[in-house]
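Now for the letters of each chain:
Protein chains: 2
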Amino acid sequence: MVGAALGTKLVQQKQEVMMGSRTANNDGAQKWLQSVGGNGQIGTFAEAAAFGEIALDCTNGANALAALRLAGMDNLRDKILIQVGNPLDFSKGMPPSLTVCNTDSLGEQTQREFPETRVVKALNTVNCEVMINPARVPGDHALPICGNDAPAKAEVARKLSEWFGWKPSNIVDIGDITGARGTEMYLPLWLRLWGAIGTPVFNIQLVHEK
Amino acid sequence: MVGAALGTKLVQQKQEVMMGSRTANNDGAQKWLQSVGGNGQIGTFAEAAAFGEIALDCTNGANALAALRLAGMDNLRDKILIQVGNPLDFSKGMPPSLTVCNTDSLGEQTQREFPETRVVKALNTVNCEVMINPARVPGDHALPICGNDAPAKAEVARKLSEWFGWKPSNIVDIGDITGARGTEMYLPLWLRLWGAIGTPVFNIQLVHEK
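One line per chain: the protein sequences are B and F, in this order.
Heads up, the first sequence is in the working numbering, so the first residue is -12 and it goes up one at a time.
Heads up, the second sequence is in the working numbering, so the first residue is -12 and it goes up one at a time.
If you are wondering where the hints come from, they were derived from the structure by calculation, not from laboratory data.
Nothing here was measured: the structure is a model prediction, and the numbers come from that model.
Among the clues, some could well be false.
Estimated spans, in silico, between C-beta atoms of each pair [what the hints assert, rightly or not]: (1) Arg99/F <-> Ala183/B: 18 to 28 Å; (2) Lys79/B <-> Arg99/F: 45 to 55 Å; (3) Gly59/F <-> Pro102/B: 45 to 55 Å; (4) Pro102/F <-> Phe77/B: 47 to 57 Å.
We put the beta carbon where it would ideally sit given N, CA and C, even for glycine.
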C-alpha cells in the first residue's frame, strides 16, 4: 500500500519508477501498473534496485531485510536507500509489537547489513497519505529523518520537498542511524494518537521556548 | 529533580505536600524543604503515601516499583497515583535504553502490582520545566495521558490544569494503561528531538486534517 502510494505520486511527478516485488509479474504490482496507465515499470526486487538511482524501501518492516537481500547488495551499492517501513509485528494481534527496538532498530540492522548503501530512515512517522501530500495536514508539522551519511540526508530532504512537497524547514535531522530507534519506537504512541484523534491523517509539530 | 520541581510548584499553589524518600531525613528532601521555606513536609515513602490524597510518583523509572513497594499497597489503596517517570536505564551510557518496553511498560507493571491503586500515566513526555509551566512552550501542545480508570483520568486532567496550567483541550486521553508503552517508548525520539532543537523545553502539538 505504501509502495503503491509513493510509486503513483512519483509517476505523477514524471519520475521513472520501477516497482519491485518477489516475482516479476506480481499481481499487486500489475494492478499498480494498470492504475498508473502503464507509466511505470515492474520487476523483481533485484531489477528494481538495479534500475533506480534512489531506492525506496516500502516493504513491511518485519520483512524488510529479506526483501533487501533479494534486491541485492551489489544493486544497492553507493545508492541512497530511503527506508519507510517500521518493524511492526501484527502476528500476535493488535496492537502490534516491534520485532526490534530499544537497543537496536531496523534502520541500524539495514545499515549494518548493507554497509555500502546510504541508508536514510524517513517518512516512517506518518501515514502514507501524509507522506506523499503533507499539505493534507494543515500548517507546519515535522518529519524526523536520520542516517549516517550527511550528504545523503540532505539529498533526501531535497527529494522529499521536490517529490512530495515537504517544506525543508519541517524536515528535522535527528542524527545518525541510531535515531531510527526513536522514530520506530514512536509507532506505539502514533497508533494511540490515531485512536484519540480519529484519523490517521495527522502529524506532530515541534514547539519550543524562544 | 522532577519531584522537587513538582513539589515546589504545588507548595506555591498552596497545596499540602509531603516529599517521600527512602529515609525520613533524606538530604535531598531536607534541601527541598529549606528551598520552600518550610512550607512542606518530608517523610518516608510510606508516610508520604499515607499523607497524600493523590500520590505523584516522580522516582527514576528504573527504581519506581521498589519505591512504590516501600510506599506500601495499603497506603496507596483507592488513591490516584500519577506516574511521571520513564523506565530509563542510564547504566550502559548514553543514549539510555528502556528497562521495559514493547510488550509491557512501567505503567502496566505498576497497575498490575497495585491493582487497587488508580494509576494514571501522565507528564512523562515533557521536561519537568514544561510539566509545571506549560506556558514555557508557546501556543498549544499536547499531553497524552492514559490509565484504566476514566474518572481518575478526568480528575488528573482537572488537577494538571489547576496546579500547573495545562489547558484541558491539550490533555489527550490515549486510552487504557497499555498506552504507557506508547508514551514511554516515545522517550528515545524525545531525546533526539531535544538534540535537534537544542533545548529540552519543547513539546509536540498534534495537527490533523479537518
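Evaluation of the provided hints:
no., hint, verdict
1, Arg99/F <-> Ala183/B: 18 to 28 Å, "24 Å, holds"
2, Lys79/B <-> Arg99/F: 45 to 55 Å, "19 Å, violated"
3, Gly59/F <-> Pro102/B: 45 to 55 Å, "53 Å, holds"
4, Pro102/F <-> Phe77/B: 47 to 57 Å, "29 Å, violated"
Checked against the numbered hints given earlier, the structure breaks hints 2, 4 and satisfies all the rest.
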